[in-house]
Amino acid sequence: MQPDERGYFGDYGGRFVPETLMPVLDELTEAYNHVKTDAFFWAEFNELSRDYSGRPTPLYPAEGLSKHCGGAHIFLKREDLAHTGAHKINNALGQGLLARRMGKHRIIAETGAGQHGVATAAVCAMLGLECIIYMGEEDIRRQSLNVFRMKLMGAEVRPVSGGSRTLKDAINEAIRDWVTHPQETHYLLGSVVGPHPYPMIVRDFQSVIGKETREQALAKLGRLPDYIIACVGGGSNAIGIFYPFLEDKNVKLIGVEAAGRGIITGEHAASLVAGKMGVLHGSKSYLLQDKNGQIRETHSVSAGLDYPGVGPEHSYLKDSGRVEYVAINDKEALDGFQLLCRTEGITPALEPAHAIAYAAGVAGSLDKEKIIVVNLSGRGDKDMDIVVEALGVQP
Amino acid sequence: MNRIDSVFNRPEHKALIAYVTVGYPSIEATLKVVPILAKSGCDIIELGIPFSDPLADGTTIQKASHYALQNGVTPKICLEVASQLSQMVDIPLVFMSYFNPVLWHGAELFCRDCADAGVDGLIIPDLPPEEGSELEAITKRQGLDLIYLLAPTSTQERIRLVAERSRGFIYLVSVTGVTGARESLPADLETFIARVKALAAQPLCVGFGISTPEQVRQVARLADGVIVGSRIIQLMKAEEPTEAIASFVKGLRSAIDKPTAND
Chain A
1221 MQPDERGYFG
1231 DYGGRFVPET
1241 LMPVLDELTE
1251 AYNHVKTDAF
1261 FWAEFNELSR
1271 DYSGRPTPLY
1281 PAEGLSKHCG
1291 GAHIFLKRED
1301 LAHTGAHKIN
1311 NALGQGLLAR
1321 RMGKHRIIAE
1331 TGAGQHGVAT
1341 AAVCAMLGLE
1351 CIIYMGEEDI
1361 RRQSLNVFRM
1371 KLMGAEVRPV
1381 SGGSRTLKDA
1391 INEAIRDWVT
1401 HPQETHYLLG
1411 SVVGPHPYPM
1421 IVRDFQSVIG
1431 KETREQALAK
1441 LGRLPDYIIA
1451 CVGGGSNAIG
1461 IFYPFLEDKN
1471 VKLIGVEAAG
1481 RGIITGEHAA
1491 SLVAGKMGVL
1501 HGSKSYLLQD
1511 KNGQIRETHS
1521 VSAGLDYPGV
1531 GPEHSYLKDS
1541 GRVEYVAIND
1551 KEALDGFQLL
1561 CRTEGITPAL
1571 EPAHAIAYAA
1581 GVAGSLDKEK
1591 IIVVNLSGRG
1601 DKDMDIVVEA
1611 LGVQP
Chain B
2 MNRIDSVFNR
12 PEHKALIAYV
22 TVGYPSIEAT
32 LKVVPILAKS
42 GCDIIELGIP
52 FSDPLADGTT
62 IQKASHYALQ
72 NGVTPKICLE
82 VASQLSQMVD
92 IPLVFMSYFN
102 PVLWHGAELF
112 CRDCADAGVD
122 GLIIPDLPPE
132 EGSELEAITK
142 RQGLDLIYLL
152 APTSTQERIR
162 LVAERSRGFI
172 YLVSVTGVTG
182 ARESLPADLE
192 TFIARVKALA
202 AQPLCVGFGI
212 STPEQVRQVA
222 RLADGVIVGS
232 RIIQLMKAEE
242 PTEAIASFVK
252 GLRSAIDKPT
262 AND
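In order, the protein sequence lines correspond to chains A and B. For reference, each letter of the first sequence is one residue, going 1221 to 1615 in the numbering used here. For reference, each letter of the second sequence is one residue, going 2 to 264 in the numbering used here.
Some clues are possibly wrong.
[What the hints assert, rightly or not] Cut-off 25 angstroms, straight-line C-alpha distance, at most; resulting in silico cross-link-like pairs (DSS-like, lysine-lysine):
| no. | chain 1 | residue 1 | chain 2 | residue 2 |
| --- | --- | --- | --- | --- |
| 1 | A | K1511 | B | K64 |
| 2 | A | K1431 | A | K1256 |
| 3 | A | K1590 | A | K1440 |
| 4 | B | K77 | A | K1511 |
| 5 | B | K251 | B | K238 |
| 6 | B | K77 | B | K64 |
| 7 | B | K77 | A | K1496 |
| 8 | B | K238 | B | K64 |
| 9 | B | K64 | B | K33 |
[As the list claims (entries may be wrong)] To give an idea of the chain B side of the interface with chain A (calculated C-beta under 10 angstroms), a few residues:
| no. | residue |
| --- | --- |
| 10 | D58 |
| 11 | T61 |
| 12 | K64 |
| 13 | N72 |
| 14 | V74 |
| 15 | Y99 |
| 16 | F100 |
| 17 | W105 |
| 18 | H106 |
| 19 | L110 |
| 20 | P129 |
| 21 | L151 |
| 22 | A152 |
| 23 | T154 |
| 24 | Y172 |
| 25 | T177 |
FYI, nobody ran anything at the bench for these hints, they're computed from the structure. Glycine residues also receive a C-beta, built at the ideal position from the N, C-alpha and C atoms.
Take the sequences, apply the hints, and build the full model.
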């Protein structure tokens, strides 16, 4: 669905930002509405998606994994093969082109796992834009490989020491930068969160994943899949693959959040499964908060899912019942990670390892005729240190 | 007439507004310093409810908020502190809170509790008028002013919108940026204030980045009130905070009242 005039998906969304940014958001909305129907803009986006990002990414029949699970056929949408190693490049490319069109040459972005930071740094290098990435100190520690990649591509990485020193705090700091330099800066937000129009813009650029999946399923299988499963942190890869299937009521859509050390421990990042409505980072959505309305610290083995909020459209899709949201804990995700390594020779990022783990369970309970597509949103090179540490030295 | 309006109805009087984070560095300190602020020449006190993610604040207030939260300060405690303070001082108290704690508390209940505590108004930096209709209706019912903000980036259209809706006064954010002391006032401040003055009937109070007597004096010549925050928070950690703050605020007061003293 399209958000309403005020940027709401049902009860969720809106614009809860300091006044300084309201005119900037109006300007962004107007610029985006303008390019939405501009054939030249999309021609360039599509051309670069093909030649720079390597799209379309394959829809791969994971025979080994399917056989292991002993039920439904699992297909992987290989976003891990996209340039820079994750789906994040789709949005970074789209917004980079939009920023250039708006005459904004200074790009700021936040990053958690570093995938969005790397994608943004790459696009800025390619388009000749200045690039500053905010990243929590804790994430810098656990995703150091991506920090080097960003720096190599000319980005300045600014460590964020406030709060839990993770993605949430990186967004706070990026917003503070944006409030200070609103005229010349484009904030290249990396997920379907934030004030309107971001949840809509990011979704539109990411929906290329679902559009391709649809065409590939019809071409390859002659029909749509029965299930589509994707991990949800902020929710951009999930909305990207779900969105073109929302009207296909026979396709079951499942979003997998991070249950961390377990929902009952409180140390998790499952906003939709265990949160309540609140306002953070400019929009109203499900949110993990304490009994006084303070934002709770979250935990996930995966930096990209370690976030207390979620995109407002997901909140809407949860309430409407169109998408089912579940949670997978750290241990299950690590099992999913190893399972895909062993059965397919593919190393997933820890984020989609949550989706793999859940899909493996679902597949085992289904007939062989059923088809499951898992969005393999990124590759796992960045996570090697964490996995080695979590599993002990011998993998 | 409510108490905020009466501050601005005194002829030839410019308002001095002080911000403190409730519970920084302790609840006792807040209870002690607010009466001193009132006695030293402040006309309105802005009580900051600490929030985990204060994205409109610079490092000084971020740290104060974090510290207060570590001390266990909650919106409920802030209401209790306000209730005690309203017995101790005669000047209006306004809460400055991010929207989520208000929403979580329940907007209706929160506003009723504010009214009961003797609070006169609310400033919510992440609630633009587009999102404020419901809270406006509730605050009106409870006799509270919902004070909106304008910024140098605000368009004519947005200035008109806030001029239609803000009650008590309009909070002009002096700079594009976050809270925190700065060396000089922005060059376009006079133009910005004039743009708002042309469209708004409410008193205009200017905050963000104002911390010295000279800055206060300059702003008071252009606007109806001046808001000082981060510098007071810094002084809360001085060796003799009450004395330091009293003499700082008296200095600001006299800079406002004798605007030509240094000319």
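Checked hints:
The hinted pair formed by A:K1511 and B:K64 meets the criterion: a straight-line CA distance of about 21 angstroms does not exceed 25 angstroms. Simply put, A:K1431 and A:K1256 have alpha-carbon atoms about 17 angstroms apart, close enough for the 25 angstroms limit, and the pair holds. A threshold of 25 angstroms between alpha carbons decides the hint, and for A:K1590 with A:K1440 the separation of about 14 angstroms falls inside it, so the pair holds. Of the supplied pair hints, the one linking B:K77 and A:K1511 holds, its CA atoms being roughly 11 angstroms apart against a limit of 25 angstroms.
Straight-line distance between C-alpha atoms of B:K251 and B:K238 comes to about 18 angstroms, which keeps the hinted pair within the 25 angstroms bound. Between B:K77 and B:K64 the alpha-carbon distance is near 20 angstroms, which keeps this suggested pair within the 25 angstroms criterion. Only pairs whose Cα atoms come within 25 angstroms are accepted, and B:K77 paired with A:K1496 is accepted, the gap being roughly 20 angstroms. For the hint linking B:K238 to B:K64, the alpha-carbon distance of about 12 angstroms falls within 25 angstroms, and the restraint holds.
For the hint linking B:K64 to B:K33, the alpha-carbon distance of about 20 angstroms falls within 25 angstroms, and the restraint holds. With 10 angstroms as the threshold, the beta carbon of B:D58 comes within range of chain A, its nearest partner Cβ sitting at about 8 angstroms, so the hint holds. Of the supplied interface hints, the one on B:T61 is violated, with its beta-carbon coming no nearer than about 13 angstroms to a beta-carbon of chain A, more than 10 angstroms. The criterion of a C-beta within 10 angstroms of any C-beta in chain A is met by B:K64, whose closest approach is roughly 9 angstroms, and the hint holds.
At about 13 angstroms, the closest approach between the beta carbon of B:N72 and any beta carbon in chain A exceeds 10 angstroms, and the interface hint on this residue is violated. The interface hint given for B:V74 is met, as the beta carbon of that residue sits about 9 angstroms from the closest beta carbon of chain A, less than 10 angstroms. Because the beta carbon of B:Y99 sits about 8 angstroms from the nearest beta carbon in chain A, less than 10 angstroms, this interface hint is met. Interface hint at B:F100: satisfied, since its Cβ lies 5 angstroms from the closest Cβ of chain A, which is below the 10 angstroms cut-off.
For B:W105, the interface hint holds, the least distance from its beta-carbon to any beta-carbon of chain A being 3 angstroms, beneath 10 angstroms. Contact between B:H106 and chain A, as hinted, is supported at the beta carbon level, the nearest pair being about 6 angstroms apart and thus within 10 angstroms. Because the beta carbon of B:L110 sits about 12 angstroms from the nearest beta carbon in chain A, more than 10 angstroms, this interface hint is broken. With its C-beta approaching chain A no nearer than about 5 angstroms, B:P129 sits inside the 10 angstroms limit, and its interface hint holds.
For the restraint placing B:L151 at the interface with chain A, the shortest Cβ-Cβ distance is roughly 6 angstroms, inside the 10 angstroms limit, so the hint holds. Below 10 angstroms, beta-carbon pairs count as interface contacts, and B:A152 has one with chain A at about 4 angstroms; its hint therefore holds. Satisfaction of the interface hint for B:T154 is found here, the shortest Cβ-Cβ separation to chain A being roughly 5 angstroms, below the 10 angstroms cut-off. For B:Y172, the suggested interface contact is upheld, since its CB lies about 9 angstroms from the closest CB of chain A, less than 10 angstroms.
Proximity of B:T177 to chain A holds as hinted, the smallest CB-CB distance being about 5 angstroms (cut-off 10 angstroms).
Violation of the numbered hints given earlier is confined to hints 11, 13, 19; the remaining hints are satisfied by the structure.
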